[in-house]
Amino acid sequence: MASTRSAAAPEVYAEVLHFYARQMHMMDGGDFAGFAKTFVEDGVFTLAGGRGVLEGREAIGAAAEAAEARYQGGRPRHWFDMMTAEETADGTLETTYYALVSVTARDGSVLFEPSCVVRDTLVRRDGGLLMLSRTITRDDIDRPAAG
Amino acid sequence: MASTRSAAAPEVYAEVLHFYARQMHMMDGGDFAGFAKTFVEDGVFTLAGGRGVLEGREAIGAAAEAAEARYQGGRPRHWFDMMTAEETADGTLETTYYALVSVTARDGSVLFEPSCVVRDTLVRRDGGLLMLSRTITRDDIDRPAAG
Amino acid sequence: MASTRSAAAPEVYAEVLHFYARQMHMMDGGDFAGFAKTFVEDGVFTLAGGRGVLEGREAIGAAAEAAEARYQGGRPRHWFDMMTAEETADGTLETTYYALVSVTARDGSVLFEPSCVVRDTLVRRDGGLLMLSRTITRDDIDRPAAG
Numbered sequence: 001m002a003s004t005r006s007a008a009a010p011e012v013y014a015e016v017l018h019f020y021a022r023q024m025h026m027m028d029g030g031d032f033a034g035f036a037k038t039f040v041e042d043g044v045f046t047l048a049g050g051r052g053v054l055e056g057r058e059a060i061g062a063a064a065e066a067a068e069a070r071y072q073g074g075r076p077r078h079w080f081d082m083m084t085a086e087e088t089a090d091g092t093l094e095t096t097y098y099a100l101v102s103v104t105a106r107d108g109s110v111l112f113e114p115s116c117v118v119r120d121t122l123v124r125r126d127g128g129l130l131m132l133s134r135t136i137t138r139d140d141i142d143r144p145a146a147g
Numbered sequence: 001m002a003s004t005r006s007a008a009a010p011e012v013y014a015e016v017l018h019f020y021a022r023q024m025h026m027m028d029g030g031d032f033a034g035f036a037k038t039f040v041e042d043g044v045f046t047l048a049g050g051r052g053v054l055e056g057r058e059a060i061g062a063a064a065e066a067a068e069a070r071y072q073g074g075r076p077r078h079w080f081d082m083m084t085a086e087e088t089a090d091g092t093l094e095t096t097y098y099a100l101v102s103v104t105a106r107d108g109s110v111l112f113e114p115s116c117v118v119r120d121t122l123v124r125r126d127g128g129l130l131m132l133s134r135t136i137t138r139d140d141i142d143r144p145a146a147g
Numbered sequence: 001m002a003s004t005r006s007a008a009a010p011e012v013y014a015e016v017l018h019f020y021a022r023q024m025h026m027m028d029g030g031d032f033a034g035f036a037k038t039f040v041e042d043g044v045f046t047l048a049g050g051r052g053v054l055e056g057r058e059a060i061g062a063a064a065e066a067a068e069a070r071y072q073g074g075r076p077r078h079w080f081d082m083m084t085a086e087e088t089a090d091g092t093l094e095t096t097y098y099a100l101v102s103v104t105a106r107d108g109s110v111l112f113e114p115s116c117v118v119r120d121t122l123v124r125r126d127g128g129l130l131m132l133s134r135t136i137t138r139d140d141i142d143r144p145a146a147g
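Chains as they are written, first to last, in the working numbering: chain A, 1 to 147; chain B, 1 to 147; chain C, 1 to 147.
Honestly, the hints are just simulated from the structure, not real lab data.
Relax, there's no trap hidden among the hints.
As the list makes no split between identical chains, a pair holds if one copy fits it or if it spans any two.
Using 25 Å as the maximum straight-line C-alpha spacing, the simulated DMTMM-like pairs for lysine to aspartate or glutamate come out as follows:
hint, residue 1, residue 2
1, K37, E15
2, K37, E11
3, K37, E86
4, K37, E68
5, K37, E65
6, K37, D81
Using the sequences plus the hints, can you model the full thing?
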């Protein structure tokens with residue numbers, strides 16, 4: 001850990017967990033405009049697999065909505081774990097965590113998408129948290145070839 | 001968020017996570033009487049899919065025990081995530097979270113039941129937490145038909 | 001709960017969650033020496049299924065590295081939940097939690113290993129946490145035969 005960072009205080013850690021709960025309730029519930037508003041206006045979303053970078057709420061919300069088609073009518077749920085949250089000297093928060101998406105189809109079957117590691121940067125605005133950036137790496141397509 | 005609610009303080013959030021850990025250790029470990037006692041005496045459990053409402057510890061414990069047959073000798077484990085916990089003006093807590101049940105069979109295979117969203121109301125009694133109610137919605141059978 | 005134990009304070013609970021996040025980032029990322037150093041020098045790791053007891057960092061790190069072969073090139077991710085953390089009178093921490101390992105193959109498919117229950121003992125050293133011991137029970141092979 002660099003000298004300019006320290007683990008987030010427990011009350012900040014709890015706040016971050018709440019932030020993600022609300023964010024994913026919106027995402028998984030189809031409220032893509034609400035999801036986009038958890039980013040700052042000019043937030044940046046870096047997709048996995050070198051598939052590009054989304055800039056701004058409009059682009060982020062549109063991409064989230066477009067991605068929903070891959071669930072084929074099933075209900076996605078995001079699962080996060082193994083989260084570290086560090087505060088930097090300038091007050092931003094950097095989180096790193098695992099993410100897994102389950103998709104429950106109408107027939108009750110459950111599929112899982114490839115596990116990911118996510119790195120976010122958050123800032124405090126008007127007393128709440130907003131995301132500056134999200135960067136996703138996927139465990140299937142973002143790995144170096146075997147040696 | 002209504003003006004009468006606020007996110008639970010971090011110490012309450014940690015307490016709630018402990019409460020659920022102990023509750024699910026009992027449930028998944030087959031201690032259905034212990035599970036039932038995490039509710040108030042006249043607690044209410046609303047099943048998914050319009051399958052009814054259980055009232056009181058005895059009914060809740062008996063239903064949990066009866067449900068065990070569906071695991072066919074496998075070991076269930078409940079996984080919760082994306083939990084919000086809000087305190088209302090009268091001191092009750094309202095939580096909303098995702099739940100997923102894995103079932104590990106004796107041959108080592110792992111199945112998952114359909115993901116759910118759970119909404120609980122908890123109250124403080126004698127220094128600890130007890131559940132007034134639990135309401136489960138399942139992502140396969142509790143969704144409106146596609147438009 | 002015995003009179004000599006009490007639930008960990010929320011700041012300790014948050015610290016424990018961070019500890020596990022960092023530990024699992026190392027384990028799942030292939031840093032087995034780093035993983036071994038999350039134990040005290042003479043730490044003890046009791047394997048599931050009566051498969052033995054590892055003593056000391058070297059044995060623990062070597063076993064973790066050897067275990068990687070079973071992922072067959074896939075990327076493991078550990079998922080923990082339902083964690084209780086209790087402090088004993090002498091300042092050690094005892095945690096109990098569920099663990100599940102997902103393995104994402106290069107083709108994007110996701111498999112899950114049998115769910116486990118883990119019991120750890122941690123101590124504070126030089127301001128941080130280190131593990132005295134870990135004991136794993138697996139839900140497929142560590143269960144008594146059906147009655």
